[in-house]
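Novice: Here is how the chains run, residue by residue.
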Amino acid sequence: MKAGRLLTWAFAVLAYAFILAPIVIIIPASFADGAAFVFPPRGLTTAWYVRLLRDPQLGGSLLVSLGIGLAAAAGAVVLGAAIGLGIERGRIPGRALWLNLFLGPLVLPLILTGLAMLMFFSSLGWIGSTRAIILAHIVLTAPYAVRTVLASLAGLDPTLEEAAWVHGASPWYAFKTAVFPQIRPGLVAGGLFAFLVSLDEYTVTVFLTGPGLVTLPIRIFQYITLHVDPTVSALASVMVVVSAVLVIAAERKLGLHRYLEL
Amino acid sequence: MGALAGDKSMAAPARASNRGEARWRRRQRRVYAAAGLASLAFFIAFFAWPVGAVLINSFRPSPAGGFGLGGYARFLTDPFYLQATQRTLAIAALSTAVTVVVGYGIALFVATRVRGRSVWLMMAVAPMLVSLVLRLYGWMILLSERGPVNRLLAALGIIEQPLPLLFSRLAVVVGIVHYCLPFMVLTVYSALRRIEPAVQEAAWTLGANGWYAFRTIVLPLSMPGVIAGTSITFALSASTFVVPLMIGGPRERMLSNYVHLAVERLGDWGFAAVIAVLMLAMVVLVLGLANGLARRWEAAQ
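Taken in sequence, the protein lines are chains A and B.
First residue of the first sequence? That's 1 in my numbering, and the numbers climb one at a time after it.
First residue of the second sequence? That's 263 in my numbering, and the numbers climb one at a time after it.
Hints may contain errors.
Stated by the list, open to error - Estimated spans, in silico, between C-beta atoms of each pair:
(1) A:ALA163 - B:ARG455: 31 to 37 Å
(2) A:LYS176 - B:ARG288: 18 to 24 Å
(3) B:LEU481 - A:ALA17: 22 to 28 Å
(4) B:LEU414 - A:PHE11: 35 to 41 Å
(5) B:GLN462 - A:ARG252: 57 to 63 Å
(6) A:PHE18 - B:GLU407: 40 to 46 Å
(7) B:ARG431 - A:GLY125: 37 to 43 Å
(8) B:SER380 - A:ALA17: 17 to 23 Å
(9) B:LEU344 - A:ARG91: 44 to 50 Å
Stated by the list, open to error - Distance condition first, Cα-Cα at most 25 Å in a straight line; then the derived DMTMM-like pairs of lysine to aspartate or glutamate:
(10) A:LYS2 - B:GLU283
(11) A:LYS176 - B:GLU283
(12) A:LYS176 - A:GLU88
(13) A:LYS176 - A:ASP157
(14) A:LYS253 - A:GLU162
(15) A:LYS176 - A:GLU162
(16) A:LYS2 - B:GLU463
FYI, nobody ran anything at the bench for these hints, they're computed from the structure.
Just so it is clear, CB atoms sit at the ideal spot from N, CA and C, and this is done for glycine as well.
Work out the full structure: start from the sequences and follow the hints.
Specialist: Next up, the structure:
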């Protein structure tokens with residue numbers, strides 16, 4: 001029994017070290033004095049954070065990606081709510097088929113979706129435009145919102161809306177007071193997932209960027225293939241800390257893990 | 263009806279109320295259906311239609327030429343691309359095997375925790391919410407020639423010269439496992455939660471009996487979750503683009519990378535479409551196989 005428990009914990013320690021190591025390592029690496037890929041470093045410095053603030057390309061791409069992420073998340077949430085409510089409450093026929101269509105971007109190889117977006121948006125002359133990337137990201141991130149909305153609708157009591165009717169409410173008022181508050185946590189969780197996925201999207205976006213428009217993940221990759229200094233580590237550690245704070249806050253407020261479970 | 267003509271006295275006769283309720287419900291359903299159909303139209307325009315265009319373009323290997331199977335014939339007769347396919351399948355199979363074993367272990371570990379279960383779950387799963395590009399950057403630091411892993415191995419006296427860990431098959435498999443592990447843990451954990459009492463029992467009767475209970479009860483009952491997780495992992499592994507791009511190097515390119523190269527280097531969108539469609543066929547085949555397997559398993563139970 002004792003050996004079994006020891007073995008269990010040894011496995012758990014190794015497995016969790018594997019999961020967390022590449023994320024945690026970024027933070028000390030960002031203070032490393034010297035080249036990016038020497039660790040442990042010879043000394044500590046905050047120079048890379050200073051250089052990060054002065055780097056117009058990384059900073060510019062960060063702003064571009066934050067803007068696209070917010071727009072895509074907003075679009076994904078609206079679309080996700082409309083799809084979830086339409087399928088569950090609007091009783092559109094062919095439920096399973098449509099659901100598969102809406103979850104399709106999760107199943108299809110991303111490179112195929114990327115190529116599809118390239119062909120489609122180039123026929124419109126939209127390559128290298130923010131709107132093409134936002135529209136593509138809405139398609140890619142809407143499935144997350146659809147899933148969180150469906151999850152919150154599954155626990156929703158339909159009689160509440162009827163109760164609102166008994167009190168003479170219009171459908172809009174009934175939605176606003178009886179439905180929306182109950183799906184709001186799902187919408188927030190879906191919006192958070194959509195934002196984080198958009199901020200990280202590479203495979204599809206790489207087909208849509210132009211000379212003046214490079215999103216953050218692509219800029220990061222370009223930077224590390226050209227430079228060996230840890231300026232990217234400084235940016236990466238800021239992003240890791242911000243994502244960690246967002247995820248922990250969402251877990252506390254919304255119980256994020258409920259939406260992750262399948 | 264509704265609030266405009268509405269009867270706010272709440273003293274309406276029951277019969278009128280029933281008729282009004284039916285009308286109100288119909289109207290409400292129409293509103294939801296309209297919202298659903300609008301988003302459906304959006305998805306058809308910006309997703310289904312473009313993807314359909316890729317399928318069509320894969321039969322039009324050159325912009326000038328007509329329709330035909332030329333692109334497919336070119337792919338299937340070129341040893342270079344056949345080798346790339348083989349490499350992609352080999353990497354995906356190895357990564358999936360490792361992910362199944364480690365992922366099942368973690369899910370079982372989480373499911374048998376009495377306290378702090380959601381914390382353990384989030385620690386295993388939350389990394390999927392951290393940017394993959396950043397996680398791969400972390401692996402670049404860890405696996406580099408003068409990085410922590412090589413230093414540790416040297417300090418332990420296991421190696422004398424630093425190993426070329428980065429830009430290798432090993433690095434790609436490590437990256438893919440790290441990318442897919444959260445999905446596997448989630449699917450298996452959900453399956454284990456559905457059979458919670460059996461899992462707890464097996465955990466409490468540790469030792470020979472516990473192992474027996476695990477093998478004869480827990481493992482078979484959680485098999486649908488394992489099959490689902492395996493097929494998701496294989497589909498994700500076989501179609502990954504970013505992992506070989508960042509930590510694989512030119513020798514470990516996978517099919518997704520050749521789609522991108524066909525566009526960037528060859529400017530041949532039709533051939534890129536051929537590779538992408540063949541990748542989709544592979545994924546559909548694997549998902550279909552897994553689905554059939556899961557059904558047969560459930561029927562056999």
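Novice: Does the structure keep LYS253 of chain A and GLU162 of chain A at a Cα separation of 25 Å or less?
Specialist: Measuring from Cα to Cα gives roughly 29 Å; hence the hint is violated.
Novice: Is the hinted range of 18 to 24 Å satisfied by the C-beta distance from LYS176 of chain A to ARG288 of chain B?
Specialist: Roughly 20 Å apart at Cβ, these two residues keep to the hinted range, so it holds.
Novice: Taking only the CA atoms, is the gap from LYS2 of chain A to GLU463 of chain B under or equal to 25 Å?
Specialist: With a Cα-Cα distance of about 17 Å, the restraint between LYS2 of chain A and GLU463 of chain B holds, given a limit of 25 Å.
Novice: 22 to 28 Å was suggested as the range; check whether the CB atoms of LEU481 of chain B and ALA17 of chain A agree with it.
Specialist: Holds - the Cβ-Cβ distance for LEU481 of chain B and ALA17 of chain A, about 26 Å, lies within 22 to 28 Å.
Novice: For the hint 37 to 43 Å, verify it against the beta carbon of ARG431 of chain B and that of GLY125 of chain A.
Specialist: holds, 41 Å
Novice: With 35 to 41 Å as the target window, see if LEU414 of chain B and PHE11 of chain A comply at their CB atoms.
Specialist: Given about 19 Å between the Cβ atoms, the range is violated.
Novice: Do the Cβ positions of PHE18 of chain A and GLU407 of chain B conform to the proposed distance bound of 40 to 46 Å?
Specialist: The hinted range 40 to 46 Å is violated for PHE18 of chain A and GLU407 of chain B, with Cβ atoms some 20 Å apart.
Novice: Would you say the C-beta atoms of LEU344 of chain B and ARG91 of chain A sit inside 44 to 50 Å of each other?
Specialist: holds, 49 Å
Novice: So does GLN462 of chain B sit 57 to 63 Å from ARG252 of chain A, Cβ to Cβ?
Specialist: Check failed, 27 Å falls outside 57 to 63 Å.
Novice: Take a quick look at whether LYS176 of chain A and GLU162 of chain A sit within 25 Å of each other, Cα to Cα.
Specialist: The given pair, whose Cα atoms are some 13 Å apart, holds under the 25 Å limit.
Novice: With a cut-off of 25 Å on the C-alpha distance, tell me whether LYS176 of chain A and GLU88 of chain A pass.
Specialist: Distance ~17 Å between LYS176 of chain A and GLU88 of chain A Cα, so the pair holds.
Novice: Is it true that the CA of LYS176 of chain A sits at most 25 Å from the CA of ASP157 of chain A?
Specialist: holds, 15 Å
Checked against the numbered hints listed earlier, the structure breaks hints 4, 5, 6, 10, 14; every other hint is satisfied.
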